[in-house]
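Quick note, this note's numbering runs 1197 ahead of the 1-based positions in the sequence shown.
Since the hints were made in silico from the structure, they are not lab data.
Keep in mind that a hint or two might mislead.
[Unchecked claim] Restricting the straight-line Cα-Cα distance to at most 20 Å, the calculated cross-link-like pairs of lysine to aspartate or glutamate (EDC-like) are:
id, residue 1, residue 2
1, 1313, 1494
2, 1490, 1229
3, 1387, 1218
4, 1490, 1283
[To be verified] Using C-beta positions, here's what the derived DEER-type ranges look like:
id, residue 1, residue 2, range
5, 1254, 1463, 44 to 50 Å
6, 1475, 1495, 25 to 31 Å
7, 1272, 1394, 42 to 48 Å
8, 1465, 1270, 22 to 28 Å
9, 1347, 1378, 22 to 28 Å
10, 1478, 1269, 20 to 26 Å
11, 1402, 1249, 38 to 44 Å
12, 1236, 1463, 50 to 56 Å
13, 1381, 1200, 41 to 47 Å
14, 1349, 1311, 28 to 34 Å
15, 1201, 1267, 34 to 40 Å
16, 1260, 1381, 22 to 28 Å
17, 1356, 1253, 28 to 34 Å
Beta carbons are placed, not taken as given, at the ideal position from N, Cα and C, and that holds for glycine.
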Amino acid sequence: MNPAITVRVPGSSANLGPGFDALGIALQVHLECTFRVADHLSIEVQGRDAGIISTGPDNLIWQTALAVAVRAHRPLPLVNLAITNEVPLGKGLGSSAAAIIAGVVIAERLLNLGWKTARILDEAARLEGHPDNVAASILGSVVASAVDTGGMTHSVRLEMPAQFEAAVIVPNFQLPTKEARAVLPDSYSKADAVFNIQRSALLIAALATGDRNAFPTALEDRLHQPFRASLVPGLSEILRLRAPGLLGCALSGAGPAVLAFYERGSAHVTDLIRQVFAMHGCTTELISGGVCKTGLEIFSAK
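All chains should be built: construct the whole structure from the sequences, respecting the hints.
In structure tokens:
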């Protein structure tokens, strides 16, 4: 008996404005991987961006599973792996984090490591290099994370207030995370650090209590968005948008997608963001399924 196992991981948006490498939110787009032990490695891909996802041994999901096996000092069985992807690649929606989580789970199951959710999260965060995306994708909803001095990730999940909604506006170009990180400075002034600490605290409090009066101030940032604005046409104008029902906007992760928070029933405000992108020559796609509350799911395939 060689049952198949399916891993379902939501995409995510990180930073949420001021919470650089600390805050994330899970989205209703998913990476789904079904695998079973086989006598040779085979990888099939369908869905979004399938043409640029490797079907060879250099596939990120498989490479992650191998890395976990090396760290566990155990040989990894070969698999048949079927990938169905909905998460845009290179757009700031946590595609690499989702792939890494899937790889960690695949190794954990194949090697019978018996890891709890916290251990899977910690391993994925170590491999990803920062915890914001992986924590949101694993736990669902809104998540705040920090890495302690020993390198372990600690995460706390918040429910998205019922009166708030979120959507992502995805422009028609990619922005590699490496390029987006390269424009950031090596150090910041005390004033800018305090600015972001205040707004990160305010944002968490607003999301915990549902206080809309904290917006849009709670989404302001001086640590990454001003430096990345030159890489995303229209971003500066989008961050300044104000309209009834619109709580505010933030760059989604490293971009170029934009995360919009708005009051329930005001989904039309996303058209304003799309119009700004259009004025800068960018067509866009709206991802408006809302926040994924369930996070990582693992189940036996039918």
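Evaluation of the provided hints:
{"no.": "1", "hint": "1313 - 1494", "verdict": "holds, 13 Å"}
{"no.": "2", "hint": "1490 - 1229", "verdict": "holds, 16 Å"}
{"no.": "3", "hint": "1387 - 1218", "verdict": "holds, 18 Å"}
{"no.": "4", "hint": "1490 - 1283", "verdict": "holds, 17 Å"}
{"no.": "5", "hint": "1254 - 1463: 44 to 50 Å", "verdict": "holds, 47 Å"}
{"no.": "6", "hint": "1475 - 1495: 25 to 31 Å", "verdict": "violated, 40 Å"}
{"no.": "7", "hint": "1272 - 1394: 42 to 48 Å", "verdict": "holds, 46 Å"}
{"no.": "8", "hint": "1465 - 1270: 22 to 28 Å", "verdict": "violated, 55 Å"}
{"no.": "9", "hint": "1347 - 1378: 22 to 28 Å", "verdict": "holds, 24 Å"}
{"no.": "10", "hint": "1478 - 1269: 20 to 26 Å", "verdict": "violated, 49 Å"}
{"no.": "11", "hint": "1402 - 1249: 38 to 44 Å", "verdict": "holds, 40 Å"}
{"no.": "12", "hint": "1236 - 1463: 50 to 56 Å", "verdict": "holds, 54 Å"}
{"no.": "13", "hint": "1381 - 1200: 41 to 47 Å", "verdict": "holds, 45 Å"}
{"no.": "14", "hint": "1349 - 1311: 28 to 34 Å", "verdict": "violated, 18 Å"}
{"no.": "15", "hint": "1201 - 1267: 34 to 40 Å", "verdict": "violated, 24 Å"}
{"no.": "16", "hint": "1260 - 1381: 22 to 28 Å", "verdict": "holds, 26 Å"}
{"no.": "17", "hint": "1356 - 1253: 28 to 34 Å", "verdict": "violated, 41 Å"}
Figure legend: structure checked against the earlier numbered hints; hints not met, in rising order: 6, 8, 10, 14, 15, 17.
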